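Using the hints provided, position chain A relative to the given structure of chain D.
As they're listed, the protein sequences go chains D and A. Sequential numbering from 1 applies to the first sequence in my numbering. Sequential numbering from 1 applies to the second sequence in my numbering.
To be clear, the hints were calculated from the coordinates, so they are not data collected in a lab. Worth double-checking, as some hints may not be accurate.
Chain A is nowhere near these chain D residues, computed Cβ spacing over 10 Å in every case [said to hold, decoys possible]:
| id | residue |
| --- | --- |
| 1 | Leu-10 |
| 2 | Met-16 |
| 3 | Leu-22 |
| 4 | Lys-39 |
| 5 | Tyr-46 |
| 6 | Lys-50 |
| 7 | His-61 |
| 8 | Ile-62 |
Below, a sample of chain A positions facing chain D; criterion: calculated Cβ distance under 7 Å [as the list claims (entries may be wrong)]:
| id | residue |
| --- | --- |
| 9 | Ala-115 |
| 10 | Phe-116 |
| 11 | Leu-118 |
| 12 | Val-144 |
| 13 | Asp-170 |
Quick caveat: nothing in here was measured; it's all calculated off a predicted structure. Here a beta-carbon is modelled for each residue, glycine too, at the ideal position from N, C-alpha and C.
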Amino acid sequence: MITINNRDKLEWKPGMTIKDILDTMGYTYSLIMVTVDGKLVDDDEYKTFKVHDNASVRVIHIHHGG
Amino acid sequence: MIRELFQRNVPGITERLQSSCIGIAGCGGLGSNVAVALVRAGIGKLILADFDAVEMSNLNRQHFFLDDIGKFKAEALGNHLRAINPYVNLDIQVVSLSPNNLKHIFENADLLVEAFDLAESKSWLIKNWCKLFPDKFIVAGNGVAGYGSFKSLHIEQAGNIVFCGDMATDMAIGLAAPRVIMVAAMQANAVIELIMEGSVS
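For reference, chain D alone in the conformation it holds in the complex:
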């Protein structure tokens, strides 16, 4: 089982990638940052980065303003 943003649960499947998780969870916003167990994942690794079972994934939307 994968935990997303400390609240949502997603059943883990072998070979599951960041892109699979984003697609399943319906994240389409372009300006997001993804961490797995506290480590930032590069945008160009979303299709290849395999998430392990019991991982904690954070998906954070970045907003304009400062």
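Same frame as chain D, but now just chain A:
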């Protein structure tokens, strides 16, 4: 003078903050107010980087004054910080930050404060910082727009990235001083907390 300036400080923090160097990327709404809070709290050294000049429209939320209009933000901010504490060590960089100069400008910083306005800029800064300095923290602002909704402001941490803000509002709805300054204060507070808990070497 230093002793008198910080005599009301929380016991134990002045010495620790005096020996810390914090980078601030962007000296606008977030960066100028983070810098003021950190200097008042007793930070020893700041690296301030911003390419922009002060405009009238900045005065609704940024720590500048009418006399600053037309001056480079990093330099004008430096003047205000020295007016609070003339002994603060400032490295002022009037420069447009990019992935190419990030390391050179901030390599001596113990921690970086992300204080840009555009989301795309925030994104590249955080990603490049984490690649360049995987062991150093970055404290970012995310969601500062509008007014009210005080309870929506919070802190989220993912590894060495600390986000302060509501994680939701966008500047398309407008930026007003109270929420921008509150998020800047949250960032400064997070910096002090990280220093005091030993997460910043």
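- prompt: Can you give the numbers of the hints that this structure goes against, from lowest to highest?
  reply: Violated hints: 4, 7, 8; rest satisfied.
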